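Chemist: In case you want the letters, here they are:
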Amino acid sequence: MDSFAAAPEMPLEFASIDDAIEHLKSSHPYAIKLDERDGYDGIIVDADQLLNIARVIRDDLGFDYLSSATAVDYLGEGDHMEMVYHAYRTSGGGALVFKAQTDRENPTIPSLTSVWRGADFQEREAWDLYGIRFSGHPNLKRILMWEGFHGHPMRKDWREAYYEEDQKPFDSRWPGGHVHRSEEKNVFGKNVSYPQDIDLNRLMDSSESAVYESLGLGVDIERVMDKDGFETNELVVNMGPHHPSTHGVFRMVLTVDGETVTSLEPVMGYLHRNHEKIGERNTYLHNIPFTDRLDYISSMGNNHGYVLAVEQLMSLGRRYNPPTYRCEALRVMMVELSRIVNHLWAIGFWLNDIGAFFTPVLYFIQERERILDFFEAVAGSRMMCNYMRFGGLFGDLPERIKSVTNLTNDRVRDYNTMQFLTEMINERIPRTIDELELLLTQNEIVLERSVDVGVLSADDAINFSAAGPLLRGSGVAYDIRRAEPYSIYPELDFDIAVEDEGDMYARYRVRVQELRESVRILRQILPRLEATRGESIWADGKPGAYAPRVPHGEAYGRVENGKGELGYYIVSAGGRGGSANPWRYHVRAPSFINLTPLGHMSKGHKVADVVGILGSIDIVLGETDR
Amino acid sequence: MELNLQELNATEFPVPVELEDNIAITSLSQLYNWGRRNSMWPMLFGLACCAIEMIATASSRFDFSRFGFEVMRATPRQADLMIVSGTVTKKMVVPIVRLYNQMPEPKYVLAMGACASGGGPFKEGYNVVSGMDKYLPVDVYVPGCPPTPQALLYGMIALQRKIDGQSIANGDDVPWYGVGPAEPTPVPVLGPDIIDPRQMDMIRRQAESAADAPLLGSRELPALTQMVAAKVETAAPVAEAAPADVDALNVVLPAGAAPWAEAEDIREKRRLRALARKALRASRRAAQAEGE
Numbered sequence: 060m061d062s063f064a065a066a067p068e069m070p071l072e073f074a075s076i077d078d079a080i081e082h083l084k085s086s087h088p089y090a091i092k093l094d095e096r097d098g099y100d101g102i103i104v105d106a107d108q109l110l111n112i113a114r115v116i117r118d119d120l121g122f123d124y125l126s127s128a129t130a131v132d133y134l135g136e137g138d139h140m141e142m143v144y145h146a147y148r149t150s151g152g153g154a155l156v157f158k159a160q161t162d163r164e165n166p167t168i169p170s171l172t173s174v175w176r177g178a179d180f181q182e183r184e185a186w187d188l189y190g191i192r193f194s195g196h197p198n199l200k201r202i203l204m205w206e207g208f209h210g211h212p213m214r215k216d217w218r219e220a221y222y223e224e225d226q227k228p229f230d231s232r233w234p235g236g237h238v239h240r241s242e243e244k245n246v247f248g249k250n251v252s253y254p255q256d257i258d259l260n261r262l263m264d265s266s267e268s269a270v271y272e273s274l275g276l277g278v279d280i281e282r283v284m285d286k287d288g289f290e291t292n293e294l295v296v297n298m299g300p301h302h303p304s305t306h307g308v309f310r311m312v313l314t315v316d317g318e319t320v321t322s323l324e325p326v327m328g329y330l331h332r333n334h335e336k337i338g339e340r341n342t343y344l345h346n347i348p349f350t351d352r353l354d355y356i357s358s359m360g361n362n363h364g365y366v367l368a369v370e371q372l373m374s375l376g377r378r379y380n381p382p383t384y385r386c387e388a389l390r391v392m393m394v395e396l397s398r399i400v401n402h403l404w405a406i407g408f409w410l411n412d413i414g415a416f417f418t419p420v421l422y423f424i425q426e427r428e429r430i431l432d433f434f435e436a437v438a439g440s441r442m443m444c445n446y447m448r449f450g451g452l453f454g455d456l457p458e459r460i461k462s463v464t465n466l467t468n469d470r471v472r473d474y475n476t477m478q479f480l481t482e483m484i485n486e487r488i489p490r491t492i493d494e495l496e497l498l499l500t501q502n503e504i505v506l507e508r509s510v511d512v513g514v515l516s517a518d519d520a521i522n523f524s525a526a527g528p529l530l531r532g533s534g535v536a537y538d539i540r541r542a543e544p545y546s547i548y549p550e551l552d553f554d555i556a557v558e559d560e561g562d563m564y565a566r567y568r569v570r571v572q573e574l575r576e577s578v579r580i581l582r583q584i585l586p587r588l589e590a591t592r593g594e595s596i597w598a599d600g601k602p603g604a605y606a607p608r609v610p611h612g613e614a615y616g617r618v619e620n621g622k623g624e625l626g627y628y629i630v631s632a633g634g635r636g637g638s639a640n641p642w643r644y645h646v647r648a649p650s651f652i653n654l655t656p657l658g659h660m661s662k663g664h665k666v667a668d669v670v671g672i673l674g675s676i677d678i679v680l681g682e683t684d685r
Numbered sequence: 052m053e054l055n056l057q058e059l060n061a062t063e064f065p066v067p068v069e070l071e072d073n074i075a076i077t078s079l080s081q082l083y084n085w086g087r088r089n090s091m092w093p094m095l096f097g098l099a100c101c102a103i104e105m106i107a108t109a110s111s112r113f114d115f116s117r118f119g120f121e122v123m124r125a126t127p128r129q130a131d132l133m134i135v136s137g138t139v140t141k142k143m144v145v146p147i148v149r150l151y152n153q154m155p156e157p158k159y160v161l162a163m164g165a166c167a168s169g170g171g172p173f174k175e176g177y178n179v180v181s182g183m184d185k186y187l188p189v190d191v192y193v194p195g196c197p198p199t200p201q202a203l204l205y206g207m208i209a210l211q212r213k214i215d216g217q218s219i220a221n222g223d224d225v226p227w228y229g230v231g232p233a234e235p236t237p238v239p240v241l242g243p244d245i246i247d248p249r250q251m252d253m254i255r256r257q258a259e260s261a262a263d264a265p266l267l268g269s270r271e272l273p274a275l276t277q278m279v280a281a282k283v284e285t286a287a288p289v290a291e292a293a294p295a296d297v298d299a300l301n302v303v304l305p306a307g308a309a310p311w312a313e314a315e316d317i318r319e320k321r322r323l324r325a326l327a328r329k330a331l332r333a334s335r336r337a338a339q340a341e342g343e
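Residue numbers (the numbering used here), protein chains in the order written: chain A, 60 to 685; chain B, 52 to 343.
In short, the hints are calculated from the structure, not lab data. Some hints could be false.
[Stated by the list, open to error] Across the chosen pairs, the derived CB separations fall in these ranges:
#, chain 1, residue 1, chain 2, residue 2, range
1, B, R335, A, G439, 27 to 35 angstroms
2, A, L421, B, R255, 50 to 58 angstroms
3, A, R378, B, V122, 53 to 61 angstroms
4, B, W227, A, V296, 55 to 63 angstroms
5, B, P235, A, G317, 29 to 37 angstroms
6, A, R541, B, T126, 42 to 50 angstroms
7, B, L79, A, G317, 39 to 47 angstroms
8, B, D252, A, A667, 18 to 26 angstroms
9, A, D518, B, P226, 55 to 63 angstroms
10, B, D114, A, S265, 41 to 49 angstroms
11, A, D225, B, P226, 31 to 39 angstroms
12, A, S265, B, P235, 21 to 29 angstroms
13, A, D107, B, T126, 34 to 42 angstroms
14, B, R335, A, A606, 49 to 57 angstroms
Predicted model, so just to flag it, every value in this text is computed and none were measured. Positions of the beta carbon are idealized from the N, C-alpha and C atoms, including for glycine.
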């Protein structure tokens, strides 16, 4: 290839992103142009050539991991729809961002599921919420809303029943202060609105039948021969959305041959609470408490990803100071504590799923409560911490931890904060992990249930865009804290937990190792906190602006959260002064994308293993459905 | 648990002291309620963030078994209490109503957290139901986002108090003390948007009148309702625009003042009163300062 001349020394798989783009430009000169909008980077690919170029990006350039694929509606800003893809190398490094544009009236883009199977759910989401058709997608059905829903709600011109204005703060609330209840202004007294041409006589609830039809399941019971030649029934089993082991309101539809699963399709959207639509109406600051409610087990980690993304955008502007060292150290401490909470919770509930009903969980929750006490004392809330701010934090550590701050005679809990932390990090948590390992790691039943169950090979894991322990349990040493470091992780000493087997047990081992690594990080954080005592937690020494103006541009901030790679794709479409509200606010949710390989992993296993496999992925529905 | 007959004994019938541990004279209602309140089985059923706090409440540190909420049952057939723990979405409300219908009577609903009580932070979302009470009768609301375990416990104890007050003698008090089985709650339909069967007539009338007048509750709803509100405020004849049999406007906005105008009045009064109180406090403080 002639284009090799551009970078003769370096094999293409290791070429820098700029060189990679140069290579693409020389091999596809007419299909690619640089994205030259203010604050944007990457390339815009001709939609007709997208599939070919995606193959080149994956195979020749080595960007084998498709992290995120999402749509943006540029109504009034160019009047087109855009799909944005972020591809990474599992060997580490930054993203190759490529975009494909299409018109708003009849948006069609070729599906990339044949290149990255991880694009499957993300493209379905783009179809559901934006109405972009993906030619070549094997199962282009709605995923979050139900089949038959009116319209594609994330489009900029689609308005919800309680619509007031495009952007907050609403005039009615501030400065006017005429608060009303939205129900009072709706004719039906609830959050509904119907299209003009609604015909109740022909009204059919097709949401259920659509679920089954899309799986190719016309009949419920079919007579088949099993592998030994016995006549048996293949039947369709529905699990969820109300089921004790689906970790919330997740639903699976499986076909089983006897007890063996022959196919499994995840059905979701039962907790789709329109995070992104609300996020686009909110100001940047408003969104921080909303991120808490994504992965509600580890809210601190969610905060971190979001503030990183917005800080990336703010750094494009002139007046921006990075957070102070103490702020970064506190952030890392909080995030690692949430990772411990998350993994304890995940392991506990996974054990629930494979039969150790609630006994291990009780012990893990006990430890979690200690950490939550600390969060409550620092951030004011046990679970929804709402702790991080752009360029800073909500507050510094308090001197003492009390159970209830307004209770003066509290004799239950009253500790010195640093002592409490030291004891927790050096004694209590390691003791819990030891105990956990002693009872579980070599436990006969755990081994019996989890070894060789739900296997996902390394290549599949990458291709399915799996993230977090699911990816590392398949032998891919990919941890964003090392692959594309952020905050103060480069200077901290820790290892990436990896296991090669790719089964449920490997994921469990990865989580246990990560618990230990988190403790190792926390031990390094403690002296850093002592050393920076008294330093401001704010970049400028004073709290940041209430409503920051964020410069024009796009940013993708991602962190290694307990469940995997959590990314925020944010577009700011302000004028010269910047904007107070995001134009696009997308969450790349690990729980959502990690479900893509669930059907693949469950095939051939027993029904009872399916809940275990789901538990080993570790999902939380707030993040899956957003 | 030790059986404490004294808490069951109705005070108007004195029981000799030596028999207090053996005999209680009470009413049948009280006996029923006593049994019910102390053996509530919640459904093992989590929706969102609040479910995590519910699990924390169930586990060892807070432990709601202490108050008789002994075990959580995964099947609605064995549960008395549905804790709606989290955001209710339009997609999820269909199974929730179905689950509620499957619960045997007596059954109670506790709306845990801001979302289940009224939509919460996600209220404006297109897929979010503005509170469980739009579809099911709710007994206790617990505020918070999420409520702390203490708050949830308080709500559950409040429910027990509520049960204490129910009576067999008054058949209208609660449906399960009446005659015959209760009507099941109609299950919502997922059409172009969620449809509550109880509002079917209203939707139909609006659809019929769509030919003459713009349909209320269409996608352009807010602008339209503001128009309607303006119309009502200027006391224009309401039924004029629509055919005579269409009273959708009357259903929501009775002729006269807009419903929120009254609220505005109350708010204004409240503000004036607060100002008066403030002035009074200020004068008292001034007087005190003078005295010193």
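Chemist: Each hint should be assessed against the structure and marked as holding or not.
Modeler: Verification of the supplied hints:
no.	hint	result
1	R335/B to G439/A: 27 to 35 angstroms	34 angstroms, holds
2	L421/A to R255/B: 50 to 58 angstroms	53 angstroms, holds
3	R378/A to V122/B: 53 to 61 angstroms	58 angstroms, holds
4	W227/B to V296/A: 55 to 63 angstroms	34 angstroms, violated
5	P235/B to G317/A: 29 to 37 angstroms	36 angstroms, holds
6	R541/A to T126/B: 42 to 50 angstroms	46 angstroms, holds
7	L79/B to G317/A: 39 to 47 angstroms	52 angstroms, violated
8	D252/B to A667/A: 18 to 26 angstroms	47 angstroms, violated
9	D518/A to P226/B: 55 to 63 angstroms	59 angstroms, holds
10	D114/B to S265/A: 41 to 49 angstroms	45 angstroms, holds
11	D225/A to P226/B: 31 to 39 angstroms	45 angstroms, violated
12	S265/A to P235/B: 21 to 29 angstroms	23 angstroms, holds
13	D107/A to T126/B: 34 to 42 angstroms	54 angstroms, violated
14	R335/B to A606/A: 49 to 57 angstroms	39 angstroms, violated
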